[in-house]
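Given chain A's structure and the hints, the job is docking chain B onto it.
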Amino acid sequence: MARFTRGFAGRGRANRDPRLPPGQYDTGHSWPVLTAEVTPRLDIATWTFRIEGLVERPTTWTWDEMHAFPPSTYSGDIHCVTTWSKLGVNFTGVSLDTLLDAVGVQTNATHVLAFSHTAYTTNLPLADVTGGKAWVAWDFDGRPLEPQHGGPARLLVPHLYFWKSAKFVAGLRVLDHDEPGFWEQNGYHDRGDPWLEQRYQGD
Amino acid sequence: MTAHAPSAKLWQNARVVAIRPETARAKTFRFALTERSAHLAGQHYVVRLTAPDGYTAARSYSIASAPDESPEFELTVERLDGGEVSTFLHDDVTVGDELEIRGPIGGWFVWNGDSPALLVGGGSGVVPLMAMLRLARRTDMSGLVRLVVSVRTPDDLYYADEIVGPETRLIYTRATPPAFSRPPARLARDDIPQPFAPGVRAYVCGSSGFADAASDVLVAAGMPTERIRVERFGPTG
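Those protein sequence lines, which keep their order, are chains A and B. Take any residue in the first sequence, note its place counting from 1, add 7, and you have its number in our numbering. Take any residue in the second sequence, note its place counting from 1, add 284, and you have its number in our numbering.
No wet-lab data here; the hints were simulated from the structure. Note that the structure is a prediction, hence the values are computed from the model and not measured. Where a beta carbon is used, it is the ideal one built from N, C-alpha and C, also for glycine.
According to the in silico footprint, chain A covers these stretches of chain B (three or more CB under 8 Å from chain A):
| id | region |
| --- | --- |
| 1 | 339 to 347 |
| 2 | 391 to 405 |
| 3 | 502 to 515 |
The following residues of chain B were derived to be distant from chain A, with all beta-carbon distances above 10 Å:
| id | residue |
| --- | --- |
| 4 | Ile303 |
| 5 | Ala308 |
| 6 | His374 |
| 7 | Arg421 |
| 8 | Thr423 |
| 9 | Leu428 |
| 10 | Val448 |
| 11 | Gly449 |
| 12 | Ile455 |
| 13 | Tyr456 |
| 14 | Pro461 |
| 15 | Arg466 |
| 16 | Ala472 |
| 17 | Asp474 |
Facing chain A, a subset of chain B residues (Cβ under 10 Å, in silico):
| id | residue |
| --- | --- |
| 18 | Thr378 |
| 19 | Arg386 |
| 20 | Gly387 |
Chain A extracted, bound-state conformation (with noise of 0.2 Å):
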């Protein structure tokens, strides 16, 4: 459906950003907030963070425990499904890379789903949580992660859409299939690439 809408334009794309994905938008300095969910209040006293599954050492980490670990940085941008960028933004947490060695990932291992402290859940291939490209971050901007944001700790997967950085995240389960999460069985795309636009079942 090749047509345009009568009348409409568009604005500002002489001078769009060329970190924004095809749809998006760049929302500035706010960062909204779309949650499905209550906001749960996690205290980082009892909090945990567990990777269950296909691994040779299934492990559960404190709060304490998981900032052990080498910090890791990630600095860039991230992109909502409902259209909005944030640009430019700086997450500090823990490699997945770094857990994922750690548990000793079985080799028929293709998947994980992620798992919150809410009763939230979203799948991934193993190929996108691995290689650098996603953490567990408690810093945003150099702050404690809030937790209307997800904090204490939310997942993050900046190259995809950002249903996939699972806030409140709890733990990861090792599959060897992909298992659709919370919103991939409302309708949205299983691995939600913004560059593609896979935003939609079917995209």
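Showing chain B alone in chain A's frame:
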């Protein structure tokens, strides 16, 4: 929910058949499809605008009309200053225009019309809840639904002529209509209708700040957090 999860359909044309103001900043657009709009109460459609050179801008808007057998449906759109899509819809679209839409989308913030529901909406967040209220009324299931709507002033209330009824409790935070018994104040525990019906599910929709505040009030009133579904309206103009 999974059984009802739609696979979002491809883009299709929808013709604008009516436009009416809800408030100074919100309009309802009635669209006609070539076939039945197979939406559930609480879902949204994506509206996409395309410029002659192929540039597009798309935003999601909640469906305000109840599911029925009709090929028509309604979206209520708040005009956000600087919002590329909402300003175009408000300022440029007229009856007879065809717009591209996609959907209906969403399988979480959905009420199927057959279980008790407590609906709590702030400002423009009332839109998907209105679809639920309309569904309840259309199917004579109003007894299942309680709706609490919080607005700043009477001028900010959507669907003012229709929304009032035995299901509905109105909350004004800044200014009330004349002779309104409740003084202007933010949503509080006493505003939540109780007791809760067995198996009730709460649907909270509004700005993120409203959603958090309303969720806190519901939890304080005894609603289990896992019974609360939240839809946050961001400034995605």
